[in-house]
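Asker: Which chain is which? The protein sequence lines are A and B, in order. In terms of our numbering, the first sequence opens at residue 1 and continues consecutively. In terms of our numbering, the second sequence opens at residue 1 and continues consecutively.
Everything hinted at is true.
Here are the simulated DSS-like cross-link-like pairs (lysine-lysine), alpha carbons at most 30 angstroms apart as the crow flies:
#1 B:Lys154 / A:Lys327
#2 A:Lys382 / B:Lys229
#3 B:Lys361 / A:Lys347
#4 A:Lys347 / B:Lys229
#5 A:Lys130 / A:Lys119
#6 B:Lys229 / A:Lys355
#7 B:Lys154 / A:Lys312
In case anyone wonders, no lab produced these hints; they're calculated from the structure. Remember, it's a predicted structure, so these values are computed and weren't measured experimentally.
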Amino acid sequence: MAAGNNLAVEMKGITKRFPGVIANDKVDFELEKGEIHALLGENGAGKTTLMNCLYGFLNADEGEIFINNKKVEVTDPNVAINHGIGMVHQHFMLVPPFTVTENIVLGKEPTKNNMIDYKTANQNVRDISKQYGLNVEPTAKVQDISVGMQQRVEILKALYRGADILILDEPTAVLTPQEVEELVKIMESLTDEGKSIIFITHKLKEVQSIADRVTVIRSGKLIDTVKTDTVTTNELANMMVGREVILEVEKKEANPGEVVLEVEDLYAKNDRDLMALNGTSFSVKRGEILGIAGVDGNGQTELTEVLTGLRKKEKGTIKFKGREITKPQTKRLFEEGISHIPEDRQKRGIIMEFKLYENLILGRHDRKPYASGINLNNKKIKEEARRLIEEFDIRTPSEKVQAKSLSGGNQQKLIIAREFDRKPDLLIAAQPTRGIDVGAIEYIHNSLIGQRDNNKAILLISLELDEILSLSDRVAVIYEGKIVDILDIEDATEEQLGLMMAGAESEEVEGGDQVG
Amino acid sequence: MKKWKGAIKLVDKDISEKKAKYLQKQNLVDFIVPIISIIAGLIVGAIFMLIIGAEPIKAYIVLWNSSFGSLRGFGEMLVNTVPLIFTGLAVAFGFKIGLFNIGGDGQFLVSYLAAAYIGYMFQLPMYIHLPFALVAGIIAGGIWGGIAGYLKAKLGIHEVITTIMFNYIALHLVGYFTSGPLKAEGPLPATPKIFDTAKLPRFVPTMRIHYGIFLALAVAVLIYYILWKTTFGYEVRATGQNPDAAQFGGINVARNMVLAMFISGALAGLAGSTQALGLEYRAYQPFGFVGYGFTGIAVALVGKGHPLGVVLGALLFGVLSRGAMMMQSMVGVPKEVIEIIQAIIIMFIASEYIFKYLARKWRERKGGVADAS
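Let's have the full structure, built from the sequences with the hints guiding it.
Answerer: So this is what it looks like as structure tokens:
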């Protein structure tokens, strides 16, 4: 298709800054009429920010937006809607006790004699639904229909408002594989009818099977826009994670000792009651870092939660220091020597309103020397806090300030100080450097290596492939809740891991490598 | 060589110090907001008095004198204050674990009855009898609150619903017992009088103020101690601030919720017990809620959930309710005006956000740094 007059959306040089962060740095993006265009990038790469600028949730600091070749100042979502843009968010914005129709017409109800004309409304919804093969029952209540159906209601909502350009934010994240197939069919019938679709994702496989073109964003920068049939999944993976980014961490040869953690055939469900871990098996030894690589949403969160007693397992065995843990309980696990750096530090890792010294004892607040009997030993707690602040280089005016006054990197150091100071046998580090500055990243990486050399077992779960590659001694790739393969770090290449992360079997990968 | 192109940069120099200073200012705001609110309440009250043709200055002098003009007045004001300290602490303690105990009135009533029952049923030496009656009240109120905590922790039923419902159950249960099975001989719908050994002594026989005030102050200190000096208090505060992080720290969130609601109920219950053992010496059939539980919410809000603040808040409301009666009888200002003042104070404190918003705008206009978090 020729460019120019055939563009539905054109974004030029979009820059969006947040305090201390450039979320989008001169990003260009174009959407042709009638195409499915994937916007690919890791979490935090700036995909959603870019689309929020287009939809008017955010206003770009710099750059121009053209819709149907007309320059538009998208100051708020109403402007976008009036120009035929519809957005389906990852988290649905529906009223559960309302019917499908009521949800769809909300704010734009057809009226007759000042009353809502439900007959016409239902008919309208039924017509649109049929036109695009959505098969939604207009009179059903949203709370009674499946997640896949709810998503269709969101799509219908956008179509009802006259959208020609649809933005779908990670539409497959909430769907079962069957629902994904149906969604793909719907998307195809939409483009057949002349609609254009932008579809935000970080799943490589979907890009290949669904989209016509793909734009890759990394760290807020545009990497490239390419036709999906001219690239391989492998190449896309490299574009997404950025192969030229190499963070070198100096480390000695690992000297692994006995097995500390052994996980066998582990099954667990996610919050949506779908199986997230499907027979995960691996083991971690003393003095080594086992990295778990994988694309987000393949069971990493559930794995850490099960291992720390925060989530129930369905099946499988967990052995810690040779003993089976039948009913993992957070407190017991901590006492037996597991430390955990949680992936969401503000949600689980720290209590923002608490002072530093209070945060530093979370999880061991009832043990000596921090407590004697029922009493807290505040003097000792503050003393220890000062020691940890010094030792872990936490930048703070004093131990008495609230944790929320620290920067992200220092909050993470706070967690690391607390968890390392427990002297664990096993350290589970989930996304230990997510969203923090370079200096802190370096510090944290060196600390993890230090713990390894100190004969601790470390399970590193990270979405940053570079981080996995530079820190791990062995790499396990997780895909759809299963470990695809475990490789020694010397044998692992980024291409290979990228393909495995996309779901390819390791034999295929090795074969492909030889050909290439 | 170390390269990291993929990282998001966050500049952390200096920010934390600026933020810390800003947060210290916030603490000052916490202190100033209640005072501004009280002043605003008094001003609005004065406007109302002017509208109905009363003299606000005169009325406020009466308000002051009714509590601080005489020893008797002071004593009567403290009589009002005692139950409010307890119910205020009850609500504040609930807030600390993130629960809203609206059931103070129900917990008040069951303890009221339980303390009176022990007071007249047993004949024991005072050093056993009085503590026994108080403990019975604590347990009764504690169970009443604890049930709501249990239902919240195990079944996720919202504590606001259950505590309100338990208010009505308590009201009618106590009404039934005081007019039925536990009713004393004679025309009054009330239990028999308690023995002297169960009474909270008075300072002066001619005044109603009793040792309950010391008990209330001691309990406020105890609650402060529990919250900030014990591991349990740490867990309560952690759970209230961030249940996810608390759970991550191995804290048994469900158990703490039940226990905290037990304590909250017991605190409100102490208001009832001291009412029975210090003032009324029996349990009367309630005609409705006395309202100490609800006023306790206001007290806790005024006191910012801190035990010291609660004591001061209870004093304020003690003064206001004592003054309401005197203003009506001496300068003809309807006591409803005092209720308006109370409402305005609560409204202002509850809309603290507006103060903070205005303060921030003001700082921004001055060119300072806004809150970066």
